[in-house]
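Given only the sequences and the hints, what does the whole structure look like? Please build it.
For reference, the chains in residue letters:
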Amino acid sequence: MIGFERVRQHNVTQSDIRRFAQAIGVTELETAPDGALIAPPLFCQVFIFEDVPIEQLPADGSPKELDIPVPANRTVGGKSEFEMFARVRAGDVITDRSKLKSVVTKNGKSGPLYLIVVETTFENQHGTTVARETATYVKRN
Amino acid sequence: MQAQQLERLNTLAPGEPLGELRLTPTRSQLFMFSAVTWNRHQIHFDKDQAASEGFRDVAVQRGLIGNFLARLMTRWAGTGGRLERLNWKVTQSAFPGEELRCLGTVIKVVRFRDVTKVNCALRVLRHNNVTIANGDSRTSFALGANDDGGIGNARK
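These protein sequence lines map, in sequence, to chains L and Z.
Counting in this note's numbering, the first sequence runs without a single skipped number right up to 148 at its last residue.
Counting in this note's numbering, the second sequence runs without a single skipped number right up to 1639 at its last residue.
I should point out that these hints are in silico values taken from the structure, not numbers from a laboratory.
Careful: at least some of the hints might be erroneous.
Unchecked claim - In silico BS3-like links for lysine-lysine, alpha-carbon gap of 30 Å or less:
| id | chain 1 | residue 1 | chain 2 | residue 2 |
| --- | --- | --- | --- | --- |
| 1 | Z | Lys1530 | L | Lys113 |
| 2 | L | Lys106 | Z | Lys1572 |
| 3 | Z | Lys1591 | L | Lys116 |
| 4 | L | Lys71 | Z | Lys1572 |
| 5 | L | Lys113 | Z | Lys1600 |
| 6 | L | Lys116 | L | Lys106 |
| 7 | L | Lys108 | L | Lys71 |
| 8 | L | Lys108 | Z | Lys1572 |
| 9 | Z | Lys1572 | Z | Lys1530 |
| 10 | L | Lys106 | L | Lys71 |
| 11 | Z | Lys1600 | L | Lys71 |
| 12 | L | Lys113 | L | Lys71 |
| 13 | Z | Lys1572 | Z | Lys1600 |
| 14 | Z | Lys1572 | Z | Lys1591 |
| 15 | Z | Lys1530 | L | Lys116 |
| 16 | L | Lys116 | L | Lys71 |
Said to hold, decoys possible - Example chain L residues on the side facing chain Z (calculated, C-beta under 10 Å, incomplete):
| id | residue |
| --- | --- |
| 17 | Pro70 |
| 18 | Pro78 |
| 19 | Thr143 |
As the list claims (entries may be wrong) - If you anchor each label on the Cβ, the simulated ranges turn out as follows:
| id | chain 1 | residue 1 | chain 2 | residue 2 | range |
| --- | --- | --- | --- | --- | --- |
| 20 | Z | Lys1591 | L | Pro78 | 38 to 44 Å |
| 21 | L | Glu62 | Z | Ala1534 | 38 to 44 Å |
| 22 | L | Val111 | Z | Ala1534 | 26 to 32 Å |
| 23 | Z | Asn1611 | L | Asn18 | 41 to 47 Å |
| 24 | L | Lys71 | Z | Ala1486 | 31 to 37 Å |
| 25 | Z | Ala1486 | L | Pro119 | 54 to 60 Å |
| 26 | Z | Lys1591 | L | Arg25 | 34 to 40 Å |
| 27 | Z | Asn1612 | L | Val14 | 41 to 47 Å |
| 28 | L | Arg26 | Z | Ala1486 | 35 to 41 Å |
| 29 | L | Lys113 | Z | Ala1518 | 30 to 36 Å |
| 30 | Z | His1610 | L | Lys113 | 26 to 32 Å |
| 31 | Z | Thr1507 | L | Lys113 | 32 to 38 Å |
| 32 | L | Glu12 | Z | Pro1500 | 30 to 36 Å |
C-beta: ideal position from N, C-alpha, C; glycine also.
Put into structure tokens, the structure is as follows:
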């Protein structure tokens, strides 16, 4: 399971960028000289979670990426390390590659914590890496 | 880059505050963010599920808190800056209807010939000044860039 890589491709539309901006409370967006909208910095978040049927998700609806066999059923907190190398704009075709990097057990105040580290890299149609996220999800009971 | 921005960059030093961004996430905003990121984790939209996991309301997504910090950074940097890196860790849950204060401080300024890189320490506080997230960032300012210089971010 560790090291397994999932690859998907996405077409970025003006609507995708507008909706993301509205969801995060951004009211003004920059545009490229050709009128294409330029996405806010963390836009690649829209690609992170798997678009599988809901029946394939854990019972609490948490992301499929976290459906791994650890003896814990709650997903809490966590952290993100987000690097942005180039701007994403409408018309881009983004390929994301997501990989389970590690699962580490730690002792928390109320029992064991399972730290699940997932790295996702985003590349545009020109072969340029536009962003990379290393996310740590925490599972506990 | 405009002369005023250049002057500001030349005098920028560790310790300078970034200002404060106050935000109050709503249930509607949490719904929109879950929808746009296709995050179907029920603790973000189902109060009963959230309660069954010990939360007093639906919980603000970690990703949305990151965007609040990104907004703080892009507002501070203006059109001449590009956010290159943002790290954040959620240490306590946040809930809709509660005002959050996003704050930051410059911690390091590195000047190269054509670019200045600025590292900042970041925090998100609840109304009672309890920290719910902390992090850090790096922003680059290309000294030769035009206003739209290929380096902008969403402005707010």
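List, from low to high, the hint numbers that the structure doesn't satisfy. When the structure is compared with the hints, numbers 3, 5, 11, 18, 21, 24 and 32 turn out to be violated.
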